[in-house]
Each structure stands twice: as structure tokens, then as C-alpha cells.
Amino acid sequence: MAKRKLKPEDLREACVAEALKIIGESGLEQLSLREVARRLNVSHQAPYRHFPSRDHILAEVVSRAFVAFADYLDNRPAGVGPAEDLANMGKAYLTYAQMHPLHYRLMFETQLPDPDLHPEMMLRARHAFALLSDAVARLPNRRADVPPLMDALFIWSTMHGLSSILRSHAPETLGIRGDLLDSVVPLVLQRISIALG
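In this note's numbering, the protein residues as written are 34 to 230.
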């Protein structure tokens with residue numbers, strides 16, 4: 034069968050989309066530029082025009098996941114005040130993790146490509162974290178002796194842990210009912226706001 038010819042910008046986008054599909058269907062270990070080319074029916078060298086290595090295409094996939102995640106956090110419903118706004122961000126974090134488990138795993142549960150070689154990926158990751166840190170800094174009653182970055186890390190790790198539990202089979206295994214899970218999110222967010230106050 035004749036190989037497809039794609040415009041450079043179309044090829045780049047197709048490669049990124051196919052890489053994400055490969056990871057989702059077969060796991061990260063199956064990702065290779067050769068497999069991307071095979072599945073797109075383009076020459077084996079075609080993906081290399083845009084991505085010098087597997088890590089480069091993975092860094093692009095992860096970068097886009099961080100952009101989508103940050104956009105989701107940034108577009109949360111506005112809260113009446115800083116505390117409600119932070120709670121809405123926590124809900125947005127958990128919702129994104131539930132709705133986009135592959136992106137979530139790539140961002141937070143995967144060995145990322147070398148940050149020094151992929152600074153744009155790291156900038157995008159840091160932007161997502163900065164949104165949380167900025168929301169924490171706006172809290173009126175937070176302790177002045179604790180940097181917002183430390184409080185943001187506390188919240189992030191709590192949301193990450195809760196998200197991991199909610200995405201696993203642990204609630205069913207432990208016999209935790211769905212209605213209790215629904216109420217645990219606001220409770221965790223309330224406890225966080227108490228801890229920061």
C-alpha cells in the first residue's frame with residue numbers, strides 16, 4: 034500500500050494524536066516513532082522531521098496534557114471569595130483526573146522525559162502548579178510564615194492522593210458507598226481550608 038503524504042503541520046498533529054492513542058491502547062512502553070509511522074501509514078522517517086526521538090514526542094504529548102489541565106483549572110467556576118475559589122479549583126482538579134485519566138497518568142504517574150532537554154514541557158507543568166499557588170496566596174487568613182508554595186504543595190498532594198483513591202478500585206474493595214465518596218470531596222476541601230487558616 035502506498036504511503037500517505039501529509040502536510041508538515043498535519044503530520045505533526047497526526048503524530049501527536051497517534052502517540053496518545055498508542056499510549057492509551059497499548060501502554061507507554063509500546064510508544065515508538067516507528068510505531069507512530071506504521072499506524073499513520075507514512076514513511077518510517079516522517080515522524081523524525083518533527084520529533085528527533087521518542088522522548089521528544091512524549092514531551093509534546095505531556096506538554097499538551099498540562100496545557101489542557103491548566104486550562105481546565107483556570108476555567109473553573111469563579112468562587113464568591115478566595116476560599117470558595119480554591120475549593121472550586123480542588124473540585125476541578127478531581128474532575129479533570131476522573132474525566133481524563135490518561136492525561137492524568139501521563140502528567141503525574143509517568144517517568145517524564147529529561148526536564149533539561151524539554152524545558153517547554155516543564156514550563157507548562159509549572160504553570161498548572163502556579164495557578165494553585167496563586168489561588169492559595171489570595172486566601173485572607175492564611176499563615177504569613179508559611180510560603181504559598183508550601184501550602185499549594187500540601188493541597189496538591191492531598192488532591193493527588195484523593196484522586197488516586199477515587200480512580201482506583203479501593204472504594205469498592207473497602208465497601209465505601211458512592212454517596213460517601215460524593216461527600217468526601219467537600220469534606221477534604223473544608224479540612225484543607227481549616228488547616229490553612
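What the hints contain is simulated information worked out from the structure, not anything from laboratory work.
For every residue, glycine included, the Cβ atom is placed at its ideal position computed from N, Cα and C.
Incorrect hints may have been included.
What follows is a set of in silico ranges between Cβ atoms, one per label pair, in the way DEER data are often shown [unchecked claim]:
hint, residue 1, residue 2, range
1, N174, A50, 42 to 48 Å
2, G112, S65, 30 to 36 Å
3, D88, M183, 17 to 23 Å
4, D104, A203, 41 to 47 Å
5, L207, P152, 40 to 46 Å
6, Q223, N74, 51 to 57 Å
7, S65, G208, 39 to 45 Å
8, R72, P134, 19 to 25 Å
Quick one: are D104 and A203 within 41 to 47 Å, going by C-beta? At 29 Å between Cβs, range violated.
CB-CB spacing for P152 and L207 relative to the 40 to 46 Å hint: Roughly 42 Å apart at Cβ, these two residues keep to the hinted range, so it holds.
Consistency of beta-carbon spacing, P134 to R72, with hint 19 to 25 Å: holds (22 Å)
Between D88 and M183, does the C-beta distance stay in 17 to 23 Å? 31 Å Cβ-Cβ, so the 17 to 23 Å window is violated.
Please check whether S65 and G208 have a Cβ separation lying inside 39 to 45 Å. holds (42 Å)
Evaluate the given range 30 to 36 Å for the C-beta pair formed by G112 and S65. violated (45 Å)
Taking 42 to 48 Å as the hint, is the beta-carbon distance of N174 and A50 inside that range? About 46 Å separates the Cβ atoms of N174 and A50, which means 42 to 48 Å holds.
Does the Cβ distance between Q223 and N74 fall inside 51 to 57 Å? At roughly 53 Å between Cβ atoms, N74 and Q223 fall inside 51 to 57 Å, so the hint holds.
Hint check: violations occur at hints 2, 3 and 4; the rest are consistent with the structure.
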